[in-house]
Amino acid sequence: MLDILSGLSLGIEVTFSTSNLLIGFLGVVLGMLFGLLPGLGPLNGVAILLPITFVLPPESSMIFIAAIYYAGTAGGAITSITLNIPGTPMAAATCMDGHPMAQKGKGALAIFTAANSSLIGGTLACIGFVFLAPPLAKYALMFGPPEFFALMVAAFACFGGLAGKSVTKTIIMTIFGLLLACVGMDVMTGNARLCFGYMGLFNGVTFLTAVVGMFGIGEVLTTIEKGIKAKIIHPKVTWKDYVESLRLIYKHKILVISDTILGFLVGVLPGAGATPASFMAYGFSKSMSKDPKEWGKGHAPGVMATESSNHAASTGAFVPMVTLGIPGSPLAAIVLGGMLIWGLVPGPRLFIEQPRFVWGLIVAGFVVNILAYIFEVSLVPLLMKVLKTPFTVLTPLIVIFCLITGYVQNFGMMEVVQTLIFGVLGYFCKKTDYPVSPLILAIVLGPMTEWTFRQSLLQGGGSPMIFVTHPISFVLLLVSVVLYGIPITRGILDRRREKREAA
Amino acid sequence: MKHLKQIRVIAFGLVLALCLVPLMAQSAQAWEPKKPVTVVIPYARGGADVIGRFIQSVVGKYDLCPQPLVVINKEGGSGSVGMKYLIDRKGDGHYFMVSLSSAITTPLTTNINFSWRDCTPLCRAALDRHALCISSKKYPDVYSLDQFVKLAKEMSAKGTPLQMGGTGSKQEDEIVTIMLEKATGIDLRYIPMTSGGDVAKNLVGGHIDATVNNPSEFLGYVLSGDVRLIVAFDKQRVPGYINVPTMPELGYPDATYQMLRGLFMPPDVDPEAVQYMTELIKKVIETQDWKDFLARIMLDGSEPIYGAEFGKWLEEYDAMHAKYLKEGGLIQ
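Protein chains in written order, with the numbering used here: chain A, 1 to 503; chain B, 1 to 332.
FYI, nobody ran anything at the bench for these hints, they're computed from the structure.
Please read these numbers as outputs of a predicted model, since none were measured by experiment.
Quick list of in silico lysine to any residue cross-link-like pairs, SDA-like style, CA-CA up to 20 Å: (1) B/Lys138 / A/Pro348; (2) A/Lys138 / B/Pro140; (3) B/Lys323 / B/Asp187; (4) A/Lys165 / A/Pro100; (5) B/Lys282 / B/Leu299; (6) B/Lys138 / A/Tyr139; (7) B/Lys90 / A/Phe411; (8) B/Lys158 / A/Gly460; (9) B/Lys137 / A/Met142; (10) B/Lys35 / A/Ile48; (11) B/Lys326 / B/Thr184; (12) B/Lys283 / A/Phe54.
Taking the hints into account, I'd like the entire structure generated from these sequences.
Laid out in structure tokens, this is it:
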């Protein structure tokens with residue numbers, strides 16, 4: 001306890017120096033910009049700005065990067081809500097309820113809800129980081145390939161609750177997504193799969209091209225077809241929206257806290273990441289909620305679930321990086337590369353040898369979260385103007401933003417073509433009532449599910465018993481069976497009730 | 001109407017003049033970049049792209065180039081997507097790629113119809129080392145190669161061979177694993193992982209037994225006692241790991257492997273452009289910043305080689321990979 005307090009005071013001393021606060025603020029502004037500019041995203045922002053940090057002391061560099069990252073994550077949710085284009089992969093799940101809210105004229109409420117939920121998720125996760133880092137590091141290391149595979153099965157199970165009206169259609173879309181996830185170079189054999197000799201497919205299907213295509217362009221096509229019959233009224237932004245968002249979060253406090261914990265625990269696992277965490281939290285909360293039918297139609301708890309969990313998860317991803325030196329997320333991989341250049345040795349001894357760096361990062365996490373929050377909230381009136389832009393002006397812009405997002409994924413035209421194809425696909429899915437989210441989830445989770453499954457089988461010499469003999473994987477698989485059971489039992493009960501009511 | 005016609009004529013003249021500008025510029029003598037120089041990294045952000053971004057920062061810091069360097073990641077297909085992108089920039093001297101050994105292994109092991117031979121070799125900037133690393137939590141008593149070999153034989157006899165993690169399939173980690181198996185006559189079970197981070201996590205967590213890896217990546221775990229280095233696959237001992245013997249010292253003179261950090265330009269580039277880039281890279285490599293950087297990430301940058309000499313070395317390097325891939329039964 002005492003060492004935590006002394007660590008915190010050291011961190012406060014580092015973070016609250018004038019220069020570091022300024023650097024943090026600059027990072028927040030830049031990060032918000034990277035999050036808001038379509039396609040760039042915080043990850044590109046960090047990669048582009050990393051060379052600048054080579055002249056700064058390590059702790060200032062880290063504060064700068066953390067600021068870009070946190071603010072960029074927040075900015076990513078804003079574009080999900082306003083334009084249905086996620087600025088970062090981890091904000092993809094926020095599209096599901098955030099954008100429908102904006103379409104109902106509740107855009108400001110949605111952004112306030114997102115900002116408040118992410119502040120809560122991020123701050124609670126930072127507290128978790130301060131007090132639980134060493135045991136969490138041990139927990140993170142318990143997950144080998146079989147445990148990860150079981151976790152992925154559980155993630156799919158969480159999403160069982162996300163099934164659309166038709167179970168068959170959900171299964172079809174999931175399998176189609178898994179098939180798409182197989183395209184590209186196979187890590188386990190080093191051979192190209194499903195590329196048909198076409199070089200452009202070697203990198204496989206990129207997650208964000210699928211998301212911006214299906215959500216962004218698909219949505220635009222649907223809207224064009226419908227015509228602009230119903231003019232959406234966007235009321236003036238008032239403090240009432242802000243207060244309302246707080247009231248809603250208080251009403252759903254258990255949801256926010258449980259999704260924060262879920263997000264944090266998934267984020268801490270190296271390799272899992274914030275994107276699956278947010279989808280898991282969404283599916284889990286939907287399955288558990290009293291009114292699952294409201295979800296996906298502009299239901300505020302949907303935004304709370306994804307935004308609290310993805311912020312908690314991206315903070316959680318710092319735990320294995322700092323305590324173990326393991327790059328558990330793409331950001332951590334970039335930061336670890338930076339640490340070597342700053343002259344630090346990443347690894348388990350970082351906590352002891354570089355307390356200024358570690359505690360500076362932890363305290364900066366709190367400060368930067370709050371800075372990003374203030375910045376985001378004060379931007380809301382301006383952002384609402386975006387929604388008031390005439391449809392004829394906004395639509396071409398959305399299409400262009402989607403294509404840029406596609407291009408930036410790998411700086412190639414292939415990704416642009418992919419985005420367009422996914423756009424058309426998204427349109428037809430909507431028309432024929434095939435749910436899009438199971439496909440998106442399968443593209444996110446598919447590769448890791450496959451790798452860990454095959455790694456486990458290799459480890460077990462070909463026997464699937466390895467999933468049962470490892471206790472964590474066994475428990476997770478049991479949990480998945482229960483999770484799969486919830487929507488099924490619920491469906492049966494609903495049908496019985498309907499019959500009884502009809503009778 | 002008359003005005004419109006005039007405007008048209010003026011506009012046409014302006015466009016024509018603008019078109020002629022690059023022509024006139026080209027008639028100037030020595031080659032100089034006329035647009036930003038693109039550094040292609042054929043891998044994901046983080047990890048391997050640090051070296052490209054470092055070159056970018058040094059060029060910027062000392063103002064070595066009149067045009068800025070722009071780093072882009074073109075990942076996918078174990079480095080082949082980025083290489084294809086470079087090859088498609090045929091004749092354009094404003095590009096170079098920073099590649100690891102995948103420039104050699106991927107064309108050898110997949111059926112893509114291009115290879116590093118289609119690029120212009122620019123510079124072998126540095127070499128990275130490989131070492132055998134074992135989980136010291138799981139095997140606290142294994143210190144030497146002899147003990148490791150004995151352990152491996154015991155485990156294979158039980159039907160559960162030692163599990164070796166490594167990045168990717170049919171790439172350097174698997175090749176070095178084959179090298180170790182052939183040299184010492186043991187049988188290991190290679191488990192392909194998605195990244196160096198994936199390997200580190202599984203090794204420190206004790207989910208795999210050992211790995212061959214760049215020693216720099218494991219310095220933190222060696223210092224904390226989670227991982228132990230058994231032997232280096234190198235002719236000289238690794239600075240920072242002076243106590244770790246090398247394979248040649250232990251009687252296996254051929255079991256050495258060095259991983260490439262090489263720079264390549266597109267095919268059919270103006271020799272003057274190649275000359276310019278060579279000079280630029282030489283300037284970068286001569287800075288103290290570069291030397292400090294290499295020391296920190298434990299790369300061997302003692303003998304950079306350029307151009308044709310690098311191309312000749314690549315042929316030998318390619319043959320060595322082909323030999324081990326064949327011996328391991330990974331290619332025909």
